Each structure stands twice: as C-alpha cells, then as structure tokens.
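Residue numbers (our numbering), protein chains in the order written: chain A, 62 to 687; chain B, 1122 to 1275.
Simulated from the structure, these hints should not be mistaken for laboratory data. It should be emphasised that the depicted structure is a prediction, and the values quoted were computed from it without experimental measurement. It is possible that some hints are incorrect.
Unchecked claim - The calculated lysine-lysine pairs, modelled on BS3-like cross-linking and capped at a C-alpha distance of 25 Å, are:
id : chain 1 : residue 1 : chain 2 : residue 2
1  : A       : 179       : A       : 109
2  : B       : 1160      : A       : 391
3  : A       : 151       : B       : 1249
4  : A       : 377       : B       : 1142
5  : B       : 1160      : A       : 377
6  : B       : 1230      : A       : 377
7  : A       : 263       : B       : 1142
8  : A       : 308       : B       : 1142
9  : B       : 1218      : A       : 550
10 : B       : 1164      : A       : 377
11 : B       : 1160      : B       : 1142
12 : A       : 308       : B       : 1164
13 : A       : 641       : B       : 1249
14 : A       : 537       : B       : 1176
15 : B       : 1142      : A       : 384
16 : A       : 328       : B       : 1142
17 : A       : 384       : B       : 1176
18 : B       : 1131      : A       : 377
19 : B       : 1225      : A       : 329
20 : A       : 377       : B       : 1176
21 : A       : 391       : B       : 1142
22 : A       : 537       : A       : 391
23 : A       : 328       : B       : 1249
24 : A       : 537       : B       : 1131
25 : B       : 1230      : A       : 550
26 : A       : 641       : B       : 1138
27 : A       : 328       : B       : 1176
28 : B       : 1142      : A       : 329
29 : B       : 1218      : A       : 377
What the hints assert, rightly or not - Residues from chain B that face chain A, not an exhaustive set, calculated with beta carbons under 8 Å:
id : residue
30 : 1137
31 : 1139
32 : 1141
33 : 1157
34 : 1180
35 : 1202
36 : 1212
37 : 1233
38 : 1241
39 : 1256
Quick reminder that beta carbons are idealized off the backbone N, C-alpha and C, glycines included.
One letter stands for each residue in the lines below.
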Amino acid sequence: MALKSKDEFERYAKDCIDKRSRKKIRILVCHGQGCAVRGAQDVLDALKNEIRAQGLDGEAEVIPTGCHGLCSIAPSVIIEPAGVLYGNVKVEDTKKIVDVTLKGGGVIEELCFRQDDKALPYVREIPFFASQTRIALRNVGKINPYEIDDAIACGAYQAFVKALFEMTPEKIIEEVSVSGLRGRGGAGFPTGRKWASCRKAKGERKFVVCNGDEGDPGAFKDRALMHGDPHAIIEGMLIGAYAVGAKEGFIFTRDEYPLAVHIFSLKKAIEDARRIGLLGERILGTDFSFDIELAFGGGAYVCGESSALMRSIEGKPPEPRAKYIHGTEKGLFDLPTVLNNCESWADVPFIIGKGGKVFASFGTEKSKGTKVFSISGAVKNIGLVEMPMGVPLRKVVMEVGGGVRNGRKVKAVQTGGPSGGVVPASMLDIPLDFENLQLASSALGSGGMIVLDDTTCMVSLALYFVRFLLDESCGKCTPCREGLVQMEKIVSRICEGKGTMADIEKLKGLGGAMKLACLCDLGRSAPNPLFATFTHFFDEYVEHIQHGFCRAGQCRALCSFKIVEAMCDGCHECVESCHKGAVFGEKGKLHYIDKTLCDSCGDCFRLCTRNAIVVEKPVLKKAMEA
Amino acid sequence: MREEELQKVKEIIAGYKPDQKLLLHCLKDIQHEVGYLPKEALKMVATHLGLPLSKVYSVASFYRALSLEASAGDVVHVCTGTSCHCRGAERVLEELKALQENGKDITIKTVNCMGTCALAPVVVVRNKYFGLTNPGEVRDILGRSTQDGPEKQG
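Extracted from the complex, chain A is given alone in its bound form:
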C-alpha cells in the first residue's frame, strides 16, 4: 500500500503514533553490534517469553533497538517510561527484571551501571547519557529500527514531507547553508555549498551517495546510525535528492567483518520505505521520484575517500582521482553527485524540520551543530556519544568516558584515525571542533577517539599507523606507495633500537614530500600521526634512539620488566599469563621475573591491575657511548 498524498502520509503517521502509545511499558534491548555479539538476541527472546508467560503482553512490549551507546556494559536493556538501565544482562536475569522492575517498580542494584562505586539505575543520572545532545542519534536506541512505523511514530519523514510540499530546492539548500553543517566524515566541507554546486551542475542524471564506509579504526558511529536509525539517513538522502535534482541514491557500506547487523537493518528500511511509497516513482503523488540501492565494499580503507568510493560502486578498483575533478560535477559514472557521510545525512532532517538556525545554535563559531564520537581505548565507559561541537576533550574523556581504567593515567587521545594525530594529556582542555584539533596537530576525522594510557608507546603507535596505511595504500601514486615503505623501514628501525637522530630528519623530509605530492587526501594526510607524535612526544623518540629505552614497555628490544616489591600482592596472574614461564613466586607472596627467560613481550605488564610491574630504566649506555 503506497501512500499517494500528503494527507495520506499524515493519517498514516497518526496511526503509527497511536500504535506506539498502546503499550504502557517498553523494554528496549540494545541490538547493536557490541551487544549482539554478547548475546542480546537471547536476552530479547527470554524477556519476550517471560512477559508472555506472566501474561503481561497487554501492557509491555520488548523491542530490539539500535546502539544505546554504552558498549562496555553490553548487553544493555532500558525499561521505559521509568528510564531504568541494566547492563551485562544475562538470560538468567530476565525473570528477575520482570518480577522486580516491571511488576514491582523496583530496581535491581547488581545490574545497574556503577560510577565511583555508586549504582546509578536511571539513564538521566548517568553522566554518559546526561551530558549528550542528540541530533543525528535522536532516534537511535529509542526506536525499533526494523519497523518503519515505529520510526514514523517518532517523527521520521516529517521533515521530508515539509521539504517536498512546502519548500523549493533553493530554500532547502539555503537552510542547510544557514545551519553551517560541515561534512561529518572528516573533511569538514560545507554541505550547503556542495549541494548548491551539484544543483547547478549539468547532467542528465544526478546521484546522491551516502558514505558509510567508516574505515577509521576506532570509529563505529556510522554503523550505529545505519543500524539504529536507517530512516534518518534515507530521509536525509530524500531531502538532498529533491534539493539537487537526483533520482538515484546509493548507500555504501563495509561488510568485511562477520555479523554485520547494520546491513539487515538498511535492507529492511529501504524495502519498507518502498512499500509505503516513500521511495520509488512519484513519491506521495508528486513528480519527485527517487530510489536507493545498497553498495558494499570489500575491505579497502581507501573506499572511504569519495572518488575511490564512487569507482568501487562502478565496479572498478577503488583508486582515487585527482582533487581538481569535483564529484559534484563529475562524480559517480562521471555525472553530478553529492556524496555525504552518514552522520551528515542524518543531520539533514533535523535541520529542515527545526530550522538551520536551531542546528547552528549548537557548537562553535566555525563548527556548528553536534558531533558523534566513538570513545574507546583505556577509558572505563566505551561507547558512542553525541555532543555539541566545541565540548572540551577533558569532559569527553573524564566525565563521559569515566576516566582511565586500572588506576593508570591518560597519556594522550588519538583522534581522526590514520589521517589524524594525538592530543597529549597536557592539552585535554582543548575544545573539540575542526579548527582546534587541527591546531593541536590532530584532526576531528569521523569522531573516533581512542584514549591511550601509559602502556602505549607513541613511536610504536606511529609505526602502527604507518603499517596500517602501507597495508591499505591503493598503490596508484608513487609518493604514497613507496613513501610508506621507506617510512615503515625507518620507524621500525627506531622501535628496534637501531635508529639514529638523522632518521628523524629523513622522516620529516619524506613526510613533507608526501604531503605535497600524494594524489588523494589519504596519502597527503598519511604522515600526520607520525608528525603529531614528533610534535608532542619527541622525548620518546630521543629515548628510543639515544637511551635505548621504551618507557611504555611496548618495543621489545628496548625494555625489560621488573616487579616492584611494595605493589605486588602475589595475585599470581602474571605467572599464569607468561608464555615463557619467566615469572616465579608463590601465591600471596612477592613474585619476580627471571630475565634470562623473559622475552619482554609485556603481557604481564599490561595485565597487572596493581601496576606492580614496571619498565626498568636502563643504564644510559648509548648516551655514555656518545
């Protein structure tokens, strides 16, 4: 049954709202990837069975939702309208949840989220949730992403209907320009300007493309959006297509890892939207026609680059084009194309629905609106948050992330993935926006944020990114393909303790050449992580080269470990973890490491929660030789 007019849509939306409000209690079980791999489906089934068995079907319903955000307590369950959050829920807990919380209205303390040893049962009390402003993620975790009716009941497609019936394409583009929205994939290009130039471009066909490739390691917001609220993306693309005059759209996503929940969700959403006539020919009885196809990557980081992504959709090897060829004029199949990141598309309905000025009221002068961040690494609370641009990094790490685990200290925060850099702990007060992160030799990128503690070696981290990029370089242009090979050789040499200070100069020269000569942004930004560690952690390079010492205990050739007597409580974990059998000691008594057996792998060092194992500072032999 396809809806044929604005009135029909409005009646349908009203029915959806009625349907949603029929059940008093909604139990939201997170079905995001993090929870799904930890048994969320079993918990969902068990809750459904329990509710049916206790005859509560009339008033309560259990629904799967997108990512709740707090992946470190997966699987998570929220009970509405009370707003109780339970984490690490197991099938065995479901009966108790129904008995105590649903029927009794009480809370089960042991399933609650804890901060500073205090149980916080309600979502509104938890800083992780309370400090967020949700625009792109407005419906993620709230709706059942597999049911279009649920999305419509929460306001989906209202902005599209407004755009289609009340606004001209020019007015839409103006509104997007007023909002100040800039590309959320990392490049930060003004979205309004991109749309305007595509609208002006001549072409018999035009395309809109959603970039959901999200190749930056440590970023998972696009997947959460595609899974948790595919309708926000589809609606954004509908508005964009109407504004620029496109009839065809593509959503490009990666599926290189097993169990990709977002693909199921996207497929279902597109089918449902077609079924009720929000995609297809003559949408809602107007002259506007538009449809979306799904396109998949095959595991290539370079596909995140817009021109490479377009080649991939065309069935060609994903090699980028030179930047002077604009996608808005010669994009997909050499026709005018607007390509935006998932998050940008999801922001569009809000901008059209509420007005560009409302969006622009969040954020900083040049970076408007909100940004979704994926926080991971050494912090206590790992997950997904959306906050206004310009929020201090410290707030994200300490308040939202809950600080660093195991009593260790923040050393730095990696942002912007392999095109970004590191922000040292001394600069935690910087506001998070495009400009300030660039000033700190890093980048906002797609919002991935990996908090590093003192067990991460910055030289080794630079080597990690060089190797990552070497592995992923498409090989089309020489500076990137060959430059990274040499870079890898030199940085590994430093990690092995065979580097010289002249190597640093070589790396600077090589990186400088790559920044000038590489064909695409991925190549030009490839030296960024290396250069950022030069800027903020030059000491560590000096230690590696001149003192033969890796303070983080990661570069094997440059560290040896010892156990500090005062800290060791003899828990025996290090003894069990050692693959060389090099740690000795009786349970409950002081342990020691036999250096003749130890291969400095660092397993025990990272494992020890008492911080009793430390890296020994060597006699400064290299310095003495010099």
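Since the structure of chain A is already known, use the hints to place chain B on it.
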C-alpha cells in the same frame, strides 16, 4: 576447481545481469560460497560481464575480502584496529602465528577494526566473537570455538 564448485560458480554468475557495477557483488558471492576465487571462475565472470580478464583481476586482487587462494582450516579473524592494537592485539596475532607454525590448521585474517572496541582485543572464529582476549587465551579459544561467544566482561 572441483566439479561442485564449478556448478556453484555457474549458478551464481547466471544470477547476475551483465553490468560492471555488479562485478564486486558477484566476486563476493563466489568467495562466500567457494571460499576463494578460482582462476577459472574469474575467467567465467569476465566472459559473462563482458569485461577483460585484467579488469576482473584488478578488482579481485584489490579487496581484502576476496582471496585468490583457498584458505586452510578455520578462518580466524583478528581485529587490528587502534583500540585492539593498544590492548595487545599484536601479541595475540603473534601467538596465533606460532600456533599455525606448530601445525594448527587455521587461516589468519586481520581486519582493520571491527568496531567492537569495548571487547578489544577481539578474535573471531567461525562467526563467534571472543573479546578481551590475551595470548594465553588464544589456545583455549581455538579449542572451544564451537561453543558460545564471549563470556568475559569489559
């Protein structure tokens, strides 16, 4: 290529319209069904889609999800994203390689971030996720990979 593989490849290819846009989809289907892309299959795809074999090869050899060689034993995916790297993924990988050298029948594949950073370091065996792994656990994991997924908490 064995007879049954040939049959599967034929069926898959027949399901595709001759359009270059579908090349990657088609190759991924074959990879999924057969486990790798045999040389004959690439030739058949090229003929069906009306493309030079060189174009098909350039795509087949580009993507990580496609493999030109058959993989041995269980495929073990190791996440090597930044979070996993910082939490010891390299050591996990080393241990797996050591097991492989000692005769364990596995194929190791790395994925540059699976986006399940709360479980770092992550290892996936037969679509089961194992989170918060360490080198010592890898042996156990390969032993119990048929049982349920990750049990450890973050």
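Each hint tested on the structure:
no., hint, in the structure
1, A:179 <-> A:109, "violated (30 Å)"
2, B:1160 <-> A:391, "violated (35 Å)"
3, A:151 <-> B:1249, "holds (17 Å)"
4, A:377 <-> B:1142, "holds (8 Å)"
5, B:1160 <-> A:377, "holds (19 Å)"
6, B:1230 <-> A:377, "holds (24 Å)"
7, A:263 <-> B:1142, "holds (23 Å)"
8, A:308 <-> B:1142, "holds (18 Å)"
9, B:1218 <-> A:550, "holds (22 Å)"
10, B:1164 <-> A:377, "holds (17 Å)"
11, B:1160 <-> B:1142, "holds (21 Å)"
12, A:308 <-> B:1164, "violated (35 Å)"
13, A:641 <-> B:1249, "violated (28 Å)"
14, A:537 <-> B:1176, "holds (15 Å)"
15, B:1142 <-> A:384, "holds (23 Å)"
16, A:328 <-> B:1142, "holds (19 Å)"
17, A:384 <-> B:1176, "holds (24 Å)"
18, B:1131 <-> A:377, "holds (22 Å)"
19, B:1225 <-> A:329, "violated (40 Å)"
20, A:377 <-> B:1176, "holds (8 Å)"
21, A:391 <-> B:1142, "holds (17 Å)"
22, A:537 <-> A:391, "holds (20 Å)"
23, A:328 <-> B:1249, "holds (23 Å)"
24, A:537 <-> B:1131, "violated (33 Å)"
25, B:1230 <-> A:550, "holds (23 Å)"
26, A:641 <-> B:1138, "violated (57 Å)"
27, A:328 <-> B:1176, "violated (29 Å)"
28, B:1142 <-> A:329, "holds (22 Å)"
29, B:1218 <-> A:377, "violated (33 Å)"
30, 1137, "violated (11 Å)"
31, 1139, "violated (11 Å)"
32, 1141, "holds (4 Å)"
33, 1157, "violated (14 Å)"
34, 1180, "holds (6 Å)"
35, 1202, "holds (3 Å)"
36, 1212, "holds (6 Å)"
37, 1233, "holds (6 Å)"
38, 1241, "holds (7 Å)"
39, 1256, "holds (6 Å)"
Taken one by one, the earlier hints fail for this structure at numbers 1, 2, 12, 13, 19, 24, 26, 27, 29, 30, 31, 33, listed in ascending order.
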